[in-house]
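Enquirer: Those protein sequences? They're chains G and V, same order as listed. Using my numbering, the letters of the first sequence map in sequence onto residues 1 to 174. Using my numbering, the letters of the second sequence map in sequence onto residues 1001 to 1361.
Hints are computed from structural coordinates only; laboratory data are not their basis. Take these hints with a grain of salt, some might be off.
Just a few of them, taken from the derived set where beta-carbon distance is under 7 Å, the chain V residues facing chain G [what the hints assert, rightly or not]:
| # | residue |
| --- | --- |
| 1 | GLU1006 |
| 2 | VAL1047 |
| 3 | ALA1064 |
| 4 | LEU1068 |
Simulated restraints, written as ranges between beta carbons of each label pair [as the list claims (entries may be wrong)]:
| # | chain 1 | residue 1 | chain 2 | residue 2 | range |
| --- | --- | --- | --- | --- | --- |
| 5 | V | ALA1164 | G | SER137 | 55 to 65 Å |
| 6 | V | ALA1028 | G | ALA139 | 22 to 32 Å |
| 7 | V | ALA1165 | G | GLY135 | 52 to 62 Å |
| 8 | G | ARG20 | V | GLY1215 | 56 to 66 Å |
| 9 | V | ALA1189 | G | SER79 | 13 to 23 Å |
| 10 | V | ARG1002 | G | ARG20 | 45 to 55 Å |
| 11 | G | THR116 | V | ALA1165 | 39 to 49 Å |
| 12 | V | ALA1045 | G | SER79 | 26 to 36 Å |
| 13 | V | ASP1062 | G | THR116 | 32 to 42 Å |
| 14 | G | THR116 | V | GLY1224 | 45 to 55 Å |
| 15 | V | GLY1018 | G | ARG120 | 22 to 32 Å |
| 16 | G | ARG120 | V | ARG1182 | 32 to 42 Å |
Since the model is a prediction, treat every value here as computed from it, not as a measurement. Glycine residues also receive a C-beta, built at the ideal position from the N, C-alpha and C atoms.
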Amino acid sequence: MALRGSADGAVRSDLGEIFRRDYRQVVGVAARVLGSRDEAEDVAQEVFLSFGRSSVPAAEARGWLAVAAAHTALNLLRSGRRRALREEISAATDDRSVRDVAEAVVTLDERTRVRTALARLPRKQAVALVLRASGLSYADVAAALGMSPGSVGTTVRRAESQLRKELTRHASCD
Amino acid sequence: MRHATEGVLRRLLDEPAGVPDVDRRHVAGCPVCLDGLAAARADAALVDAAMAPESGPDVDLDAAWQRLSTAGLATATAKRSPTVRAGRSRPRLHRPVVAAVAVAVVLAGAGTAAAADWLPIFRTDKVAPVGLTTDDLVALPDLSAYGDLAVTADPRVHEVPDAAAAAAASGLDVPQVAALPRGIAGRPAYQVGSKASATFTFSAAAAARAAAKAGAALPPPPPGLDGAQVRLDAGPGVAAVWSQRAGVPALVVARAVAPTAFSTGVPFETVRDYLLSLPGLPDKVAEQLRTFTADGSTLPLPVPADQVTTSPTRVHGAPATLVETRDRTLAAVVWVQDGVVTVVAGSLDAGEVLSIARDLS
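Whenever a hint applies, use it, and build me the whole structure from the sequences.
Expert: Take a look at the structure:
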């Protein structure tokens, strides 16, 4: 395998095994943040590139990967998300019936709002919410973020409450 | 008994077994908690639906592994496959938060930083971190509300061809890295920032208006403070930046003349202590800042506490601050020696940045 031939030995030996075990989860975390599967796979590639050169203990790999995926995706959301969404909407309005277009725009609008709000949340709240929504247990989220398991629920609840406010505030303006 | 907290109610939805029996029993018989549980359930469902990713086929693990192998980790030895990712621009990833913060402090110093807040007005002999959450950063008062802020010299940053040119342009000893860590190669780009200066003139009338706007009364200013000036100087500075793919900095080594504040009329400590008492400053930050008051010789680094951890260390005999992101993707070490502040930051682990810092010549 090409990965094993690195002359300076920089690539960790357990990368293939951990990649096969955790790649789906990393894509899933990034997809929660970004909505787009293609972008989520781009993020997953970046995350595993960093992981492959890291010395993160194997036992902590899963949590490290999930947190790195959430941060990387949130950074992407902050930096380039607006243009990407415009392109999505533009693509969605090509070659469709008027009804489909309207539905697509409404759906995309809600997605845009929730993700704009997600990017504005305090980073810890956003990451905890995304990890939890991606199926990590409270204990896993707590360990990955250095929190107590008891505070995970509070953090997630605050994040959801804030996002709901953003969503309903816009809905009531429509 | 008291009602279940929001966190307990939220966990009940996901992991009822993780909630103590006593809480579960209380919630089952408590109308207030049941209402709270219903609200939590509704919010969770709404947010979950809004955040649901687009549906699609399962990931193709083999294709993904192939992409990682050919387009990514094999770059050290193998040729990059021209077919992979052709025609698509790389997303901007791994924003070097710590590096950006550190370099902003070093290069901009009291220029842009002082325009936004007043933290860097301390004369700098050593560096200590201030724990700030994102909310606190937003809540920091803009100093311009409390008087006039005149920027007399903007920091101008420009690239120069090599270390010798950087030394000539900045007048500083450009730090030389003894050995690059694994994964970082090539020559750095050198940037030089010119000296920045700004003068802040405190105005009791402006401060009173700002306080009134915030719904608070202005603490009475000490005698002589109205009209007192603080001059802020920073720089020049120099940075060597090693980039990885997509132009993202992988390693930054930066050095600058540390920011200094000069006051007129009243002692600097008086200005500082009064600024600390102004309305709008979060109590926690004010409390932390008060601990720095011994000789007013600390550069507080405004680092977001929810993203990074900081710890004290030593570099070249000087006290230093080590900053790591909680996801351990970035680390930085900052220290001040003889009035010059130096930063080593990068997408590296703490051991690597410390090793680079200690081997700098």
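Enquirer: For every hint, state whether the structure bears it out.
Expert: How the hints compare with the structure:
1. Hint status for GLU1006 of chain V relative to chain G: holds, with the closest Cβ pair at about 5 Å, below 7 Å.
2. Hint on VAL1047 of chain V holds. Least Cβ distance to chain G is approximately 5 Å, under the 7 Å limit.
3. Nearest Cβ of chain G to the Cβ of ALA1064 of chain V: about 6 Å, under the 7 Å cut. The hint holds.
4. With a least beta-carbon distance of about 6 Å to chain G, the hint placing LEU1068 of chain V at the interface is held under the 7 Å criterion.
5. Between ALA1164 of chain V and SER137 of chain G, the C-beta spacing of about 56 Å keeps the proposed range 55 to 65 Å intact.
6. ALA1028 of chain V and ALA139 of chain G have their C-beta atoms about 24 Å apart, which keeps the hinted 22 to 32 Å range intact.
7. Remark: the range hint 52 to 62 Å for ALA1165 of chain V to GLY135 of chain G is upheld by a beta-carbon distance near 53 Å.
8. About 58 Å separates the C-beta atoms of ARG20 of chain G and GLY1215 of chain V, a value consistent with the hinted range of 56 to 66 Å.
9. Take ALA1189 of chain V and SER79 of chain G: their Cβ atoms lie about 21 Å apart, and the range 13 to 23 Å holds.
10. Remark: the range hint 45 to 55 Å for ARG1002 of chain V to ARG20 of chain G is upheld by a beta-carbon distance near 48 Å.
11. Roughly 44 Å separates the CB atoms of THR116 of chain G and ALA1165 of chain V, a value that falls within the hinted 39 to 49 Å.
12. Separated by about 30 Å at the C-beta atoms, ALA1045 of chain V and SER79 of chain G satisfy the suggested range of 26 to 36 Å.
13. Under the hint 32 to 42 Å, the C-beta atoms of ASP1062 of chain V and THR116 of chain G, about 35 Å apart, fit the expected range.
14. One distance hint, 45 to 55 Å for the beta-carbon pair THR116 of chain G and GLY1224 of chain V, holds here, with the actual separation near 48 Å.
15. Between GLY1018 of chain V and ARG120 of chain G the beta carbons are some 29 Å apart, a value that agrees with the proposed interval 22 to 32 Å.
16. Separation of ARG120 of chain G from ARG1182 of chain V is about 37 Å and conforms to the stated range, judged on CB atoms against 32 to 42 Å.
When held up to the earlier numbered hints, the structure conflicts with none and fits them all.
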